[in-house]
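Undergrad: Read top to bottom, the protein sequences are chains A and B.
Using the numbering used here, you'd call the opening residue of the first sequence number 1 and step up by one each time.
Using the numbering used here, you'd call the opening residue of the second sequence number 1001 and step up by one each time.
Derived from the structure by calculation, the hints contain no laboratory data.
As the structure is a prediction and not an experimental result, all values here were calculated from the model.
Each hint should be verified, as a subset may be incorrect.
[As the list claims (entries may be wrong)] Reference excerpt, derived from the structure (chain A facing chain B, CB under 10 Å, subset only): (1) Leu50; (2) Phe52; (3) Gly79; (4) Tyr85; (5) Val87; (6) Arg95; (7) Ala100; (8) Gly105; (9) Met142; (10) Val152.
Quick reminder that beta carbons are idealized off the backbone N, C-alpha and C, glycines included.
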Amino acid sequence: MAAIELEGLTKRYGDVVAVDGLDLTVEEGEIFGFLGPNGAGKSTTIDILLDFTRPTGGTASVLGHDAQSEGLAVRQRTGVLPDAYHVYDRLSGRRHVEFAIEMKGVDDDPDALLERVRVADAADRPAGGYSKGMRQRLVLAMALAGDPDLLVLDEPSTGLDPNGAREMREIIREENARGTTVFFSSHIMEQVEAVCDRVAIIDRGRLVAVDTIDGLRDATETGETLYVYVTALDEGVLERVRGLDGVGRAAIDEGRLRVTVDGVSKFAVLHAIDEIAPVQDFSVVESSLEDLFVRYTTEKQEVEA
Amino acid sequence: MSWFAVAKKDFRDAVQSRALWALVTVFVVLSIVSTYAYVEAPALLGSTTAATFGGLLLFTVGLVGLFVPLAAIVVCYKSLAGERELGSIKLLLSLPTTRRRVFVGKVVGRAAVLAFGLGVGLLVGLGVGAALLGDLDAAAALLFVLITLAFAAVYATIVVGISAATGSTSRATTLALGFFVVFELLWDVIPMGILYVLEGFTIPSTMPDWLYPLLQLSPSSAYLSTVVALLPDLADASGTEPTQAGAGVEVAADAAEPFYASPEIGVLVLLAWVLVSLVIGLVLFDGTDL
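One chain only, chain A, in its complex shape (with noise of 0.2 Å):
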């Protein structure tokens, strides 16, 4: 049985197109990350999976129950980290907790889950007074108490500093090893990218990509660049370098010549370009998954625009 099930899923405000036909499915036992830059539709989404908010099309089924028909037992087994919460600015953090585990009636204990995510300091303190990123942990033992069979983050790593977010990934690891399947939502690549199996590329409503980071990195012609200096650069030799086998795009950057190698050996590349201008120097970058995801949310853009 998927964890997650979206089939169709269309969510339109007036003539505003949040969720644009959305088909997805989550296995269990994943660490999956969904990924789109702001506004593309990440949130909407999630609030659907926990009934906050009503598609106008298709259908969101999570842990086998009905997102809208059955939210009471899909809340029961999922653990939520929302998007734009407020916490009770009057009540503590252990009450925080401890009215968390009183609704989801567990026997959990409330210290032991601030210390996890490093709050017991600040345990007696009105919530109201933490910092972003000690909201985001309290807020995250919310999520962990009862143990939940699918952890919901969106946007987990907000208002961490880099050690927090990095222990936001250790403690999704932990719950994925006791086969916890975890859906979180980031802007940011390289979160997503240190933890994720599988990952899915959302833009402006739509699913640009799901794959396997490996999948993702194979998948993209963009896998190395070749920075090249030439001793005479210009629009001539730059026809003539695109028209080179192997090479998929070339442009002229900084003065150097700036080429995606495709299909053939680097060097076979070097070699053909220092017959068209001899080579002084040139260096190799490895694309970033930064670099992919900022190509698959901007120039399919720039392609429909």
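Given chain A, put chain B in place with the hints provided.
TA: For chain B alone, coordinates are given in the frame of chain A:
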């Protein structure tokens, strides 16, 4: 029972708020001052009818009828709209509960907050009154307090229902104050206005049958009628000119009137308000995108 957990959290949250204690203080002070005024005023004005405990209860009805609607607005207008505006509702509804349970929990929690503040004020006020008068009808006082707390719960339901209708606290404030103005301040005038128009822009010499039940739609009028209906001795004992009781007492004296014209209709009106607020609030809250 997640609605109970919600109610408990809400109450706990409110107890830590300065607004609740300000409310309790205001009502205690108001209650002592007005009780003192009620007890001492007749003598000062040279009135022949002495103040009685029963009269004090009816006098308190007027005070409660104004204080409870305003207090309910203060305590309840943000209950759901505020959580939606801030986003804490997401924290709440991420937990295994339903919107219906959250709504019911809010009603119970806020009603408890209001009843607590009101209860303290009433006990102090009536206690001072009883001491000054040297007179106490414990059974009547108890029944009166219970009716009054129930009235507070009705108002809490109405205002939580209003709060459930919107995700903006400013709109919730507008709606709640609008309700107060229409049903509490202007309600005596509106049915009369309708009557005036229907009768061809004249005020008839005899009032039609439908006027009284229509006037009772105002929750605080219904509350007064309920007190009169359940404590009939009070109206009789308080003399010919009860301070606050208007139409309700006159009708109570005439048992031959049809049911809709008797004060018992107040009980029905209050129940109807609870039902209507619950249904409208739930339908709107359940159907919306947060």
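Undergrad: Each hint needs a verdict: does it hold in this structure or not?
TA: Do the hints match the structure? See the list:
{"no.": "1", "hint": "Leu50", "result": "holds (6 Å)"}
{"no.": "2", "hint": "Phe52", "result": "holds (4 Å)"}
{"no.": "3", "hint": "Gly79", "result": "holds (8 Å)"}
{"no.": "4", "hint": "Tyr85", "result": "holds (4 Å)"}
{"no.": "5", "hint": "Val87", "result": "holds (7 Å)"}
{"no.": "6", "hint": "Arg95", "result": "holds (7 Å)"}
{"no.": "7", "hint": "Ala100", "result": "holds (6 Å)"}
{"no.": "8", "hint": "Gly105", "result": "holds (7 Å)"}
{"no.": "9", "hint": "Met142", "result": "holds (7 Å)"}
{"no.": "10", "hint": "Val152", "result": "holds (8 Å)"}
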